[in-house]
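Start from chain A and add chain B according to the hints.
The residues making up each chain are set out below.
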Amino acid sequence: MINATAPLLDVRDLTVTINRDGGLVTALDKVSFFVNPGEVLGIVGESGAGKSITGAAIIDLLVPPLKRTGGTITLAGERLDQLSPKAMRGVRGGRIGFVFQDPMTSLNPVITIGQQLCDTIQTHLKLSGSQTKKRALGWLDRVGLPNPDVQFKRFPHQLSGGMRQRVVIALALCADPVLVIADEPTTALDVSVQAHILELLRDLHRESNVSMMLITHDLGVIAKMADRVAVLYAGRVAEISPVGELFNAPKHPYTRGLIRATPMPSATGEMRLDQIPGAMPGLGAVPPGCAFNPRCFRAEGDCRATIPPLHHEESSAFSCFHPLERVTA
Amino acid sequence: MSASDFLILNHVSKVYRRNQSLIERLKKSESGGTKAVSDVSLTVRHGETMGLVGESGCGKSTLARLVSGLMAPTSGEISFPPNASGNKPRLQMIFQDPYSSLNGRWTIEDIIAEPIRVHKLRQGRAAIRARVDELLVQVGLSAADAEKYPQEFSGGQRQRICIARALAGEPEFLILDEPTSALDVSVQAQILNLLRDLQKNLHLTSLFITHNLSVVRIMADRIGVMYLGELVEEATSEELFRKPRHPYTRLLIDAAPDMDTSDRSLHPIAGELPNPAFPPAGCRFHTRCPFAQDICRNTVPPQKATEAGGMFRCHFDLDLSNATVFPAVKARTA
Chain A
1092 MINATAPLLD
1102 VRDLTVTINR
1112 DGGLVTALDK
1122 VSFFVNPGEV
1132 LGIVGESGAG
1142 KSITGAAIID
1152 LLVPPLKRTG
1162 GTITLAGERL
1172 DQLSPKAMRG
1182 VRGGRIGFVF
1192 QDPMTSLNPV
1202 ITIGQQLCDT
1212 IQTHLKLSGS
1222 QTKKRALGWL
1232 DRVGLPNPDV
1242 QFKRFPHQLS
1252 GGMRQRVVIA
1262 LALCADPVLV
1272 IADEPTTALD
1282 VSVQAHILEL
1292 LRDLHRESNV
1302 SMMLITHDLG
1312 VIAKMADRVA
1322 VLYAGRVAEI
1332 SPVGELFNAP
1342 KHPYTRGLIR
1352 ATPMPSATGE
1362 MRLDQIPGAM
1372 PGLGAVPPGC
1382 AFNPRCFRAE
1392 GDCRATIPPL
1402 HHEESSAFSC
1412 FHPLERVTA
Chain B
174 MSASDFLILN
184 HVSKVYRRNQ
194 SLIERLKKSE
204 SGGTKAVSDV
214 SLTVRHGETM
224 GLVGESGCGK
234 STLARLVSGL
244 MAPTSGEISF
254 PPNASGNKPR
264 LQMIFQDPYS
274 SLNGRWTIED
284 IIAEPIRVHK
294 LRQGRAAIRA
304 RVDELLVQVG
314 LSAADAEKYP
324 QEFSGGQRQR
334 ICIARALAGE
344 PEFLILDEPT
354 SALDVSVQAQ
364 ILNLLRDLQK
374 NLHLTSLFIT
384 HNLSVVRIMA
394 DRIGVMYLGE
404 LVEEATSEEL
414 FRKPRHPYTR
424 LLIDAAPDMD
434 TSDRSLHPIA
444 GELPNPAFPP
454 AGCRFHTRCP
464 FAQDICRNTV
474 PPQKATEAGG
484 MFRCHFDLDL
494 SNATVFPAVK
504 ARTA
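Respectively, the protein sequence lines represent chains A and B. Okay, so the first sequence: first residue is 1092 according to my numbering, each after it adds one. Okay, so the second sequence: first residue is 174 according to my numbering, each after it adds one.
Among the hints, erroneous ones may be present.
Stated by the list, open to error - Some chain A residues close to chain B (C-beta under 8 Å, calculated; not the full set):
1. Leu1310
2. Thr1353
3. Ala1376
4. Gly1380
Hints in this document: simulated from the structure, not taken from any laboratory. Backbone N, C-alpha and C fix where the C-beta goes; we use that ideal spot for every residue, glycine too.
The shape of chain A in the complex, shown without the other chains (with noise of 0.2 Å):
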């Protein structure tokens, strides 16, 4: 049973490593973090972080040579990493919903898009026909689509961008799932567009209290988004605090690096951009000791030798020896 203060989603020292001419490369390294019940999570990273390593890793859609090696993966107290490929599928589209980044290849082609939806229903649900029919219907309306029984009918490439990803979210929700897994959900799509998909996520989400996962490489959308942020660098968690801690005073050395590289105007109207010096290292190139220890400002001998583990304080985490001090002004 869950109760009140359990998470929903508990992730602890999730590895994942690429096989690679015979030899082991790690992709994620021991990643930890939990996702509490009616909570979104935002996930954030540049490419090759490990963001959506992450998110297909909880789901079991690693592909070939990514491999789970080790950690847990605990739902509601069930432990998704070990259930057969059988109970797996169950829980894919039924107990975790996906959205994925990519609207126009996530969606199949030859098959309406009511006729996708029906089947998600009908596998998850166990509902009589007529009944999965009006449930399909209803979404469809639920997520803005005009007009739900012509649409119906329709095929995906009969759709638009911003109504194909709203069918995506559809999919990713009709069966009720715990928890909602979104991967760049608004990366494809323009910024007026990608605006009403967030808005829709956000009502969708006060409506079900359904637990998120946000994956994006966008701190705006993390902002408007999320209640708490996990910040992952090279595979391995960088930080992980409650939104508001994270943007006014961010501990990683990185995650400040990160906001002030994104050009955005300060209070006063004026542009200033930070570059992180460097890039961040490719897989199997990550240097001994912090991963962001070449590019960091902070970076001391004992950076250089020992990974910092994961530190604990009342609301944030974050594996730094050298963390910034939090500024109260």
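Quick look at chain B alone, frame taken from chain A:
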């Protein structure tokens, strides 16, 4: 036309025609086609960075191709007034995707040396090689990288190579088509800072195209906002963000989420982008505009000049300096 004008676009339009059937061709019927760029007039001055922003399908990349001469406009004219020496300025382009814009079978030296050889800017192998090394250092790489192949570099480094190749042609005019959209934030900041330094040091005139308003705000002196093939507003960067005159500009500025966690409201623009092949009659933005009235649906708005030297296309003189002036629109998409 003043002496400082570098590039002048005079009522430029570009129509992409669909393939006509034989009968249509014999009848010589005018089958519409998509007007990707429609009646754009624009002047870029010497040493200035002109930014162009808009959503996908607004015609900004088409405009870049027209200016670079890769395509001819259907109507209107694009001219570079001859400079003091009487020559046409040299121009170079930097593309969005650094993965597909470098030839994987060429070494970095071959890639960067090509414009030097084509324009005969240096004579002799040694001189060319010296110039390549100099350019590599200038964009933050090392001379030793000249022997390598593009696939040995990361996205940010590849974009630096693209910049070095563009500079190798010693251009006076640079067209940048979404140069940082394929890059990560921390790398994007490096490339933007590099481009800013180069523009300042080399006195380049450039056309900077992007969909990201924050990026264009950092990079451009003046900004043009495009919507469905039309230039709807043009102003200096400062003026555009302080006091936008076109409702679309205001909505576009508000639509991008900022990093303020205390105000978590989102500001979507009502409706969806209409099909560019069938733009709405009258003002093209009227289907999504919170201020639209009957006149907007019937009459094409005139171009109005602002006292600050800008331009906008709207029937009304609206005060849009604050984000919160909007009448509530039911954001139901059509």
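Verification of the hints:
no., hint, in the structure
1, Leu1310, "holds (6 Å)"
2, Thr1353, "holds (5 Å)"
3, Ala1376, "violated (11 Å)"
4, Gly1380, "violated (20 Å)"
This entry does not satisfy hints 3, 4, going by the numbered hints stated previously.
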